[in-house]
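Visitor: Listed here are the chains, written in short residue letters.
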Amino acid sequence: MVKISQSRSQILDLLSSIPDPEIPVVNIIEMGMVRDVILTEDGCDVILMPTYNGCPAMAQIEADILVLLKREQIAPAKVTIVLDPAWTTDWMTEEAKEKLRNYGIAPPLHSSCNSDQFARNTIRCPICNSVQTSLVSRFGSTPCKSLYRCDSCFEPFEYFKCH
Amino acid sequence: MTEQQALFKYCVRLGDNALIQSYRLAEWCSNAPMLEEDLALTNMALDMTGRAQMLLQYAGSISGEGQTSDDLAYRRSEPEYRNNLISELPDNDFAFVMVKQMFTSTFEYFLYLALMESSDKTLAAIAAKSVKEARYHMAHTSDWVVRLGDGTGESNRRAQEAVNALWPYTGELFETDDVDRLLQEKGVAANLEQIQIWWRQYVIETIPAAKLELPSDDYQHTGGRIGVHTEYLGHILSEMQYLQRAYPDAKW
Chain A
102 MVKISQSRSQ ILDLLSSIPD PEIPVVNIIE MGMVRDVILT EDGCDVILMP
152 TYNGCPAMAQ IEADILVLLK REQIAPAKVT IVLDPAWTTD WMTEEAKEKL
202 RNYGIAPPLH SSCNSDQFAR NTIRCPICNS VQTSLVSRFG STPCKSLYRC
252 DSCFEPFEYF KCH
Chain B
342 MTEQQALFKY CVRLGDNALI QSYRLAEWCS NAPMLEEDLA LTNMALDMTG
392 RAQMLLQYAG SISGEGQTSD DLAYRRSEPE YRNNLISELP DNDFAFVMVK
442 QMFTSTFEYF LYLALMESSD KTLAAIAAKS VKEARYHMAH TSDWVVRLGD
492 GTGESNRRAQ EAVNALWPYT GELFETDDVD RLLQEKGVAA NLEQIQIWWR
542 QYVIETIPAA KLELPSDDYQ HTGGRIGVHT EYLGHILSEM QYLQRAYPDA
592 KW
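Protein chains in written order, with this note's numbering: chain A, 102 to 264; chain B, 342 to 593.
I should point out that these hints are in silico values taken from the structure, not numbers from a laboratory. None of the hints are false.
Subject to a maximum C-alpha distance of 30 Å in a straight line, what follows is the list of computed DSBU-like cross-link-like pairs (lysine-lysine): (1) A:K171 x A:K104; (2) A:K179 x B:K592; (3) B:K592 x A:K171; (4) A:K179 x B:K462.
A short list of chain B residues far from chain A (calculated; beta carbon distances all over 10 Å): (5) R417; (6) T493; (7) Q501.
Covered stretches of chain A (chain B as the covering partner; in silico rule of three or more C-beta atoms under 8 Å from a C-beta of chain B): (8) 143-156; (9) 185-193; (10) 239-252.
Virtual Cβ for every residue (Gly too), placed ideally from N, Cα, C.
If we strip away everything but chain B, and leave its shape as in the complex, we get (with noise of 0.2 Å):
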């Protein structure tokens, strides 16, 4: 494998995350429980959006097969997506899409400030601006699993199950394999273990500050990474993907 290979993979793998999270989140639009809520899962949709067309254009730049980020969005199938598995989880409460962005708007926010110092200039520019949509979603994320933990028994409950249910997703956030430690080496890639360290010293904490637990269990789902999905995945893409695959070069 060579650096470009590499770094194709690695901004490949970022766009994904970005992309699948961006539609599980514009699912929310008009479902949410308020209005303003409504506005802030689509604004977070949007900002991951952005990203993802960011990235998944660089990647395309990068690959020498010239692929737009469109290309790479909508004619890739499933086992050719690389986003963890976490994002591809349907959210059927509140309570499970909070939690589920405060585990991942966490992870972000670290891995976009270390990104910031990439060797590369334009994972850095990207970094640069998804740090900081990152931090605000980490922010109101964390807000709503405290109110939810330290809300009623019943929102409580249903935090908890939501913790219980997304734990052994959050492991594979932090898979290191050979594309990681190629860029690592170069200065490209971010070290996965040291924000880990810093993701889960923030967890440990915001967890019982929302009176919830973590699971004593610490078994970890895999798979994202070599392109096995759930079951989810499959579905997303089936939808999102309908139009081109049914009438390809459509344009708008």
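Bound conformation, chain A alone (with noise of 0.2 Å):
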């Protein structure tokens, strides 16, 4: 029988101070990657959803909350991974979406990864806001983004990938 003295809503306040390593003014809750904290007799289980197949951050945010949690003697814990349901970028929270436009990543567009007219959107420029903007690259730095230029103001930016 083990005792933890944290609730769940305290470990997940606790997880929100781990960021996205790749984006760090963004943290895993508002990303929507944990799916719950369980807590049992057997100790801390944490569910975590992948987001990209592949993204090599996922080893590191499992790690980063083993880490936490160890640090403040939550224990036994461990990180289930589970693929169902399948992580989307819906779930990002719209307070994370205004983070990643201050950030100057274009955030993704909702639902829309469900349209096959997805090349076809307008994505608007996270510096000017404008709508003249043309795709330079669908792959980019990391499996989540493309690459975009705004015609505006000319600048280059990352848009954050419908998934």
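Hints in hand, dock the two standalone chains.
Guide: See the structure below:
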């Protein structure tokens, strides 16, 4: 029998201090990656949903969670990766999207990933808010982003792809 | 064959296709004709490595033998691999990889779209993620097939050569065996005949739009489903598996 003094919501609050390793302005709770925290007699189980297949940030996030829980003396603790339901960018909070925009990354358009029209969506420039933008490259520096250029302010920027 | 054995084989087949394609795509790192395509091809490789990892991990969890995804990737020999032959063909030309990935990504898009409805919840969840990637790969490679086919005389010639060389490897994608039949009855596997109809429809619209032609000869290679591969798979595995073969259980 294990007794963990922190509550589920306290642990969720703690987890919100863990940034996304690739985009440190947002945390893993805002990104919608943490499905749940389950406290049982066996300890604490953090249920995590992978974002992109093969995204190397996932291993870092898992390690960060375990380090944090150890530091807070929440033990025994483990991380369980679940595939079902599949993570989607629709689970990102509005707050996270705003933070992305301020950071210079155009946030994902909601649910448009389920449409075949996805390539024709208008992506707003996160710097000057212009809709006159063009796709430079579908693939970018990480699996979640593509590269755009603003045709109004001429700044290049990244777009967080719908997923 | 039990349903569990069939599911293991099915997941290994899907996982092997992702793994071997990922290997070939990764070979383009620093070799693509422009930086954006270096990013594109290696991003696609990363998507497929992740997909292979999930599928082989799931396969290992249902085999009853407790293999990890690494065990399955690094410790099986050539005849135990179940990938389609098309995924192991070497890419000697940019047009070749684009035509090849257009054929296979279109197949994967329709395959994973169908597998989202699988009665197996894990397979359906992997499909839900994979379909989004496959759609993206399909759009990207189709654009390039049109750009190359409808480009210069030289790019058209190379794209047409790729279509001619690859077409005889596309039929295998849709081969149905006992594994498919058993799992289809249970609502687990996709109906490949239906997928072939959707695939053909997309391809026969894209190829003429690229000012290319499909070969009139419909001869098709076969073998991947029973582990009979081209000469290329052995070379891939000898490089990919070298470290685990030379130093078993070596850890990063």
